[in-house]
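Visitor: Let chain U serve as the given structure and place chains Z and R on it in line with the hints.
These are the residues of each chain, in order.
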Amino acid sequence: MTKAKTNPGNYFEDFKLGQVLRHATPRTITEGDVSLYTALYGGRFAMQSADSFALDCGLEAAPVDDLLVFHVVFGKTVPDVSLNAVANLGYANVRFLAPVYPGDSLQTVSEVIGLKENSNGKTGVVYVRSIGTNQVGEVVLDYVRWVMVRKADAAAPAPEAAVPDLPAVVDPAGFVLPASLDFRDFDTVLSGSPHFFEDYEVGEKIDHVDGMTIEEAEHMMATRLYQNTAKVHFNQHMMQNDRFGKRLIYGGHVISLARGLSFNGLGNAQFVAAVNAGSHTNPTFSGDTIYAWSEVLDKADVPGREDAGALRVRTVATKNLPCVEFPFKGEDGKYLSDVVLDLDYWVILPKATIAV
Amino acid sequence: MTKAKTNPGNYFEDFKLGQVLRHATPRTITEGDVSLYTALYGGRFAMQSADSFALDCGLEAAPVDDLLVFHVVFGKTVPDVSLNAVANLGYANVRFLAPVYPGDSLQTVSEVIGLKENSNGKTGVVYVRSIGTNQVGEVVLDYVRWVMVRKADAAAPAPEAAVPDLPAVVDPAGFVLPASLDFRDFDTVLSGSPHFFEDYEVGEKIDHVDGMTIEEAEHMMATRLYQNTAKVHFNQHMMQNDRFGKRLIYGGHVISLARGLSFNGLGNAQFVAAVNAGSHTNPTFSGDTIYAWSEVLDKADVPGREDAGALRVRTVATKNLPCVEFPFKGEDGKYLSDVVLDLDYWVILPKATIAV
Amino acid sequence: MTKAKTNPGNYFEDFKLGQVLRHATPRTITEGDVSLYTALYGGRFAMQSADSFALDCGLEAAPVDDLLVFHVVFGKTVPDVSLNAVANLGYANVRFLAPVYPGDSLQTVSEVIGLKENSNGKTGVVYVRSIGTNQVGEVVLDYVRWVMVRKADAAAPAPEAAVPDLPAVVDPAGFVLPASLDFRDFDTVLSGSPHFFEDYEVGEKIDHVDGMTIEEAEHMMATRLYQNTAKVHFNQHMMQNDRFGKRLIYGGHVISLARGLSFNGLGNAQFVAAVNAGSHTNPTFSGDTIYAWSEVLDKADVPGREDAGALRVRTVATKNLPCVEFPFKGEDGKYLSDVVLDLDYWVILPKATIAV
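One line per chain: the protein sequences are U, Z and R, in this order. Residue numbers are given in this note's numbering: position 115 of the first sequence equals residue 115, and the series is strictly consecutive. Residue numbers are given in this note's numbering: position 266 of the second sequence equals residue 266, and the series is strictly consecutive. Residue numbers are given in this note's numbering: position 265 of the third sequence equals residue 265, and the series is strictly consecutive.
Each hint should be verified, as a subset may be incorrect.
Which residues of chain U face chain R? A partial, calculated answer using Cβ under 8 Å [as the list claims (entries may be wrong)]:
no., residue
1, S35
2, A39
3, G192
In silico lysine-lysine, DSSO-like type, Cα no more than 27 Å apart, as pairs [what the hints assert, rightly or not]:
no., chain 1, residue 1, chain 2, residue 2
4, U, K16, U, K151
5, U, K246, Z, K246
6, R, K231, R, K116
7, Z, K246, Z, K329
8, U, K334, U, K122
9, U, K205, R, K231
10, R, K116, Z, K246
11, U, K231, Z, K205
12, U, K246, U, K329
13, U, K16, U, K116
14, R, K246, U, K246
15, Z, K151, Z, K231
16, R, K334, R, K122
17, Z, K231, R, K334
Calculated from the model, a selection of chain R residues having no Cβ within reach of chain U, i.e. all distances over 10 Å [unchecked claim]:
no., residue
18, F15
19, Q107
20, N118
21, G121
22, K151
23, A161
24, A179
25, D199
26, M220
27, M221
28, N282
29, E306
Just so you know, these hints were derived from the structure itself, not from any lab. Glycine included, every Cβ here is placed at the ideal spot set by N, Cα and C.
Just chain U, with the same shape it has in the complex:
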């Protein structure tokens, strides 16, 4: 009786292909969340920083940072999807489909789109597609992630293996920018970067130079703000007996730090349109200093827009290692032990050719 009231989370054998999970805890994102996000990551992208700048670009107000939206939508899936996860294996087809403004209330629904038991019979991989919607039902975020989840009972029969067909890269043909958005008067002095879409070349690498040290209070406040309940982030008493003896930092915290650092070099990347893939390649702990560098992987037009283009960027974050030499993988093809994030995503920049 005493345990029946608490949430044990789902184990691998609890997931069924096609199962729909309506997640708990709708969340109104407010100006308070935006301020905390600024305090935690130091974001300086002008569109999210000032109503005045966003109004000048045709929006109704400064939209909420795309990654804050991601973390909130993601956080809701944790109690149902990854409470018994061994590892968060990947993301795919992450698409930001509508701006979120302070006052919007978000909720998340997921569908199980793939299942594959591991050969050890103790764990399996669960693929979920999660959709975040606002209070009027508009989809603001649509993404897939897959996690390795423990079985509660190793004897439970394996489901028929089903692995979804996922795009390696999100197709820019599906990118949607707000209809009212207008970059024609984009002010590159106020935005803090003179570099338009046209100024970036495929293959170009940028060392984002700056470093940011993480404190326990910071990553825990961030992760609670997202109502992400994964125990490994919060409980030192438990983690002191874990392999590392320390609390693990939520991978999304590192993503947001890397995006914040990327301002120095990608200052006009006003929106994240999509994430193609992301790997948390090594664990991050309190006291680590995060650096980042980026490579431009591709460039694309945005449907129906002459004033904006999309850059496909790989941003790599390291711990305690400056990025002047673009650290990535070793000769063995494996990520260096200092590399903590490999994020492949699309960002939206204004075009110079249309700017007046």
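Guide: What follows is chains Z and R alone, placed relative to chain U:
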């Protein structure tokens, strides 16, 4: 002259029975405070998390967490009541009487309702009833606490002892829920718990499972947010020479952590209606990991409501000790040294029998 | 190519007398920022704490703390003015000219008003006048600071030396209070201090008594909130090899802590009207406990106001040293090593003689 401008606080002999203390620093509670509260405690009670959920339950918006209201109303009393306190001895008859919404401005008035000098002649116990009101004068919180306060002058004569008659338990007959509140469509998927009022039994114990480690930055930010000025929480230079050598954590911080943890097992406890009694049984320090468990002590109807019931709950918080065995008191009847909080309170849950 | 996209900052030889620098990243200040500011410094000045109190004084809402405005306006100048600075040497003629309310969007423009190369040929002093404006172009803050900046090329020719003529003290004749402000019903119980303008004497010294210990997470969150990008505050991996081996705390963080502490003795100092001069006399690090004391240097009327007066105050902050003996300078005329701030500024208090 140089010290005359600062507030020395009141000493035991400064308090008079019947004395009314209008406390300083009215405080507008905003969405920013709500976000910080979420970041500090990770609350997931749906009513306070999303405007959309609160609207579906008939409220005008997501109300401010009851305990945030408590901390703000309480904080105002510190400079006048407990700046020279030796110990915060207890709470009684704490009643939440109206919801607070972001934008409401709170202030606090206290009345001295009891005085009793201790036999050592150096300290005495002061009982105050404090009332928090909003900007239109509505009472949002009414409670009694008693503290042991130093005498400035041991030779000051003892007042006639007067100890107020306080209820051991707040009578549910006085509970007031917002008139517009309507639990009939309460969505237990979104709320994150399938358990209605009827699903809890008197005597039932719940281990809330999760643990949360406290950092210095967190408890200090929380306590400053409440404008609570007790020096022991903020000044390491002073506290290094104290008995413990460390800053003490505001007891209310532990209450909020315990309430946050209690979501896992009491997820539909949408409001705190009243606190019957509360004891901070051992000190808590930065680095401690807080766990909690609860016992259902009683159940009651709420006047005029068919859709809601009240659970009387004891929530016990521990430091660095999981609660699977419900740690509480030793054979000597004293609290275990790991037990830091014993809180006896009433929470409001939707009833299943009326839900459609 | 790889470094061309990042901001190298300006070196001494890049600055030209009369040069105008429009700074990046407009910033909407919100209720979220106000809450964080309260959580970081524990401010209790009633005007900034409650809409209800500000309304009673004739304002439309609680204005944003003047120093929060300062930090935000200042932060914008860092990437252009002080990214390659060796030291922040001083402030002068800092004038707060219009209240800022949550929702206002601020931006900053600076003019180079002085240049003087140092005799070592490696650095020079740059004087900038910076003006912060809101979304309708009103000037909210106008100030001068000067910084020592490195030369990129020691062989670059020295500019003609030009040192601006700066007032040692801001003239109260230029103070502007909001037209609607009315202190006639000023409530000294709610404000938390019974002391009006008339109660302070020139030469009076006040020990603000309380101490506040700084944590890494706190000063980094503060400094990011202000979008201040100076590397020395955030990057432990880099700073471990620096002279002190530790992150330096933004001097403005100490100013805000000192102002917060000064409530205990200057509780009715409702606004900062101007800063005459400010020196960060020694570095501050995480773990330091800040104390403060103040001396009244002068008193002045405010043009056109019978209900308010201006106190010129010197507030001195120390680290790990209580201020009961008003620590300041040694016999050699130099600041004691425990003194971290010497701030000379004007604050506005209600007058008693007009209060009803």
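Visitor: Now tell me, hint by hint, if it's right for this structure.
Guide: Going through the hints against the structure:
Given hint, U:S35 at the interface with chain R, holds; its Cβ is 3 Å from that chain's nearest Cβ, closer than 8 Å. A distance limit of 8 Å between C-beta atoms decides the matter here; for U:A39 the minimum to chain R is near 4 Å, and the interface restraint holds. Because the beta carbon of U:G192 sits about 3 Å from the nearest beta carbon in chain R, less than 8 Å, this interface hint is met. With a C-alpha separation of about 13 Å, the suggested pairing of U:K16 with U:K151 holds against the 27 Å cut-off.
This hinted pair checks out: U:K246 and Z:K246 have alpha carbons roughly 22 Å apart, not beyond 27 Å. A hinted pair counts as satisfied when its Cα atoms are at most 27 Å apart, and R:K231 with R:K116 qualifies at roughly 25 Å. Straight-line distance between C-alpha atoms of Z:K246 and Z:K329 comes to about 25 Å, which keeps the hinted pair within the 27 Å bound. Between U:K334 and U:K122 the CA atoms are separated by roughly 26 Å; this keeps the pair inside 27 Å, and the hint holds.
Taking the CA atoms of U:K205 and R:K231, the gap is near 22 Å; set against the 27 Å cutoff, the hint holds. Distance restraint check for R:K116 and Z:K246: the Cα-Cα separation of roughly 48 Å exceeds the 27 Å cut-off, and the hinted pair is therefore not satisfied. Distance hint between U:K231 and Z:K205 is fulfilled; the C-alpha atoms sit about 22 Å from each other, no more than 27 Å. A hinted pair counts as satisfied when its Cα atoms are at most 27 Å apart, and U:K246 with U:K329 qualifies at roughly 25 Å.
Among the hinted pairs, U:K16 with U:K116 is consistent with the structure: their alpha-carbon atoms are about 11 Å apart, no more than 27 Å. Our distance criterion of 27 Å between C-alpha atoms is met by R:K246 and U:K246, whose separation comes to about 22 Å. The hinted pair formed by Z:K151 and Z:K231 meets the criterion: a straight-line CA distance of about 18 Å does not exceed 27 Å. As the CA atoms of R:K334 and R:K122 are separated by approximately 26 Å, the hinted pair is consistent with the 27 Å bound.
Of the supplied pair hints, the one linking Z:K231 and R:K334 is violated, its CA atoms being roughly 31 Å apart against a limit of 27 Å. No Cβ of chain U comes within 10 Å of the Cβ of R:F15; the nearest lies about 17 Å off, and the non-interface call holds. Its closest Cβ contact with chain U, about 7 Å, brings R:Q107 to no more than 10 Å, contrary to its assignment away from the interface. Every CB of chain U is more than 10 Å from the CB of R:N118 (nearest about 26 Å), matching its label as outside the interface.
At roughly 27 Å, the least C-beta separation between R:G121 and chain U is larger than 10 Å, which holds for a residue marked as non-interface. Look at R:K151: its CB is around 20 Å from the nearest CB on chain U, clear of 10 Å, so calling it non-interface holds up. The Cβ of R:A161 sits about 29 Å from the closest Cβ of chain U, beyond the 10 Å cut-off, so the non-interface label holds. For R:A179, the non-interface assignment is confirmed: its Cβ lies about 24 Å from the closest Cβ of chain U, beyond the 10 Å cut-off.
Residue-level check passed: R:D199 sits 36 Å from the nearest beta carbon of chain U, beyond 10 Å. With 10 Å as the threshold on Cβ separation, the claim that R:M220 sits away from chain U is violated: the shortest Cβ distance comes to roughly 7 Å. The claim that R:M221 is not at the interface with chain U is violated, since a C-beta of that chain comes within 10 Å of its own (minimum 4 Å). Interface exclusion of R:N282 from chain U stands, the closest Cβ pair being 22 Å apart, more than 10 Å.
With 10 Å as the threshold on Cβ separation, the claim that R:E306 sits away from chain U holds: the shortest Cβ distance comes to roughly 37 Å.
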